[in-house]
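Working from the sequences, and respecting the hints, build out all of it.
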Amino acid sequence: MISISLKNKDDQVIVGSIDHDKEAQPFQITGSDMAVLAIKNYTYERGDKIVVEVQGDQRYYVVQLDETLAPALIYLPQSTWEYTIPLSESARKAGVETAFSSKRHHIMVRQAHSFEITNYQNLSFNSHDQKADIGAYPHASANVETRDDSVFFAKNAIDGKYGNQSHGSYPFASWGINQQADAALTVDFGRNVVIDCVRLLFRGDYPHDSYWTKGTLVFSDGEELVLQTTNAMAFQEFRFPKKETSRITYGQLQKAGDDSPFPALTQIEVFGWNR
1 MISISLKNKD DQVIVGSIDH DKEAQPFQIT GSDMAVLAIK NYTYERGDKI
51 VVEVQGDQRY YVVQLDETLA PALIYLPQST WEYTIPLSES ARKAGVETAF
101 SSKRHHIMVR QAHSFEITNY QNLSFNSHDQ KADIGAYPHA SANVETRDDS
151 VFFAKNAIDG KYGNQSHGSY PFASWGINQQ ADAALTVDFG RNVVIDCVRL
201 LFRGDYPHDS YWTKGTLVFS DGEELVLQTT NAMAFQEFRF PKKETSRITY
251 GQLQKAGDDS PFPALTQIEV FGWNR
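Each residue of the sequence shown is one higher than the last, beginning at 1 in the numbering used here.
Warning: the hint list may mix true and false statements.
[What the hints assert, rightly or not] List time: in silico DSS-like cross-link candidates among lysine-lysine, alpha-carbon distance up to 30 Å:
#1 Lys255 to Lys243
#2 Lys7 to Lys22
#3 Lys7 to Lys49
#4 Lys255 to Lys242
#5 Lys242 to Lys40
#6 Lys103 to Lys242
#7 Lys214 to Lys49
#8 Lys103 to Lys9
#9 Lys40 to Lys22
#10 Lys40 to Lys131
#11 Lys9 to Lys22
#12 Lys214 to Lys243
#13 Lys131 to Lys103
#14 Lys22 to Lys93
#15 Lys49 to Lys22
#16 Lys49 to Lys9
#17 Lys131 to Lys49
#18 Lys131 to Lys22
#19 Lys103 to Lys93
#20 Lys131 to Lys93
#21 Lys93 to Lys9
#22 Lys131 to Lys214
[What the hints assert, rightly or not] Between beta-carbon pairs, the in silico distance windows are:
#23 Val13 to Gln58: 31 to 39 Å
#24 Met1 to Gly160: 22 to 30 Å
#25 Asn231 to Asp11: 15 to 23 Å
#26 Lys49 to Lys22: 16 to 24 Å
#27 Glu45 to Asn231: 42 to 50 Å
#28 Ser79 to Tyr120: 24 to 32 Å
No lab work stands behind these hints, which were simulated from the structure alone.
Here the structure is a predicted model, which means the values were calculated and not measured.
Built from N, CA and C at the ideal position, the CB exists for glycine as well.
Structural data, given as structure tokens:
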């Protein structure tokens, strides 16, 4: 069972008409293996949130909460997921300006098909990740994010956006480290997975940007893997024997000896299988 509710800042279900010829009713819907909340005329307000509640043993869901977000396969270990709609000016800079701005909405959550769960895939991708850990995985976090600015949040490194020829607001959001020597980014999968490949895409706005020549991948059991990297504009791929882990941390970063103090990560991809 899947339920979707649209709530306001006071945690009340918003009431309105889903279409011009329909009576006002709470903006909520329930389905067995899929729920779709479709609304023709409502403008989101500050504090609004989409609340997803699930029942049963299923933990993998495909979600698309806005037309500007790519559908994502996420893992929900708990029965409730609250997604705060990013409407503040600071939050909106990291996404396209049309995100969550339409009066028309198509909010979809469905159970994942078995083949979507078991196939070899990028396990780190989550277009719906947010800065806070909201209980939907994968989730990216870091011990530093430049100026606490959304265009440099860790979540940008797993959002599936690859523009790396410049820096700053969308479409060039990245993980920025604020020149912090011990910067590290963690991707938490929320469960054990098996992985055998990591791909790194550095931001390459050279000469404004720098890059890392070496970094270390740390698995949840403490095992480490050193990655030698260059200033390549394309993905740099690292393959290794299958490894079971619940998270990875990319840290111990060594910057190149150039004049720029601004290395940054546009995207990290982690390939493998759900257990």
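Looking back at the numbered hints, which does the structure fail to meet, lowest number first? Hints 5, 6, 7, 14, 18, 23 and 25 not satisfied by this model.
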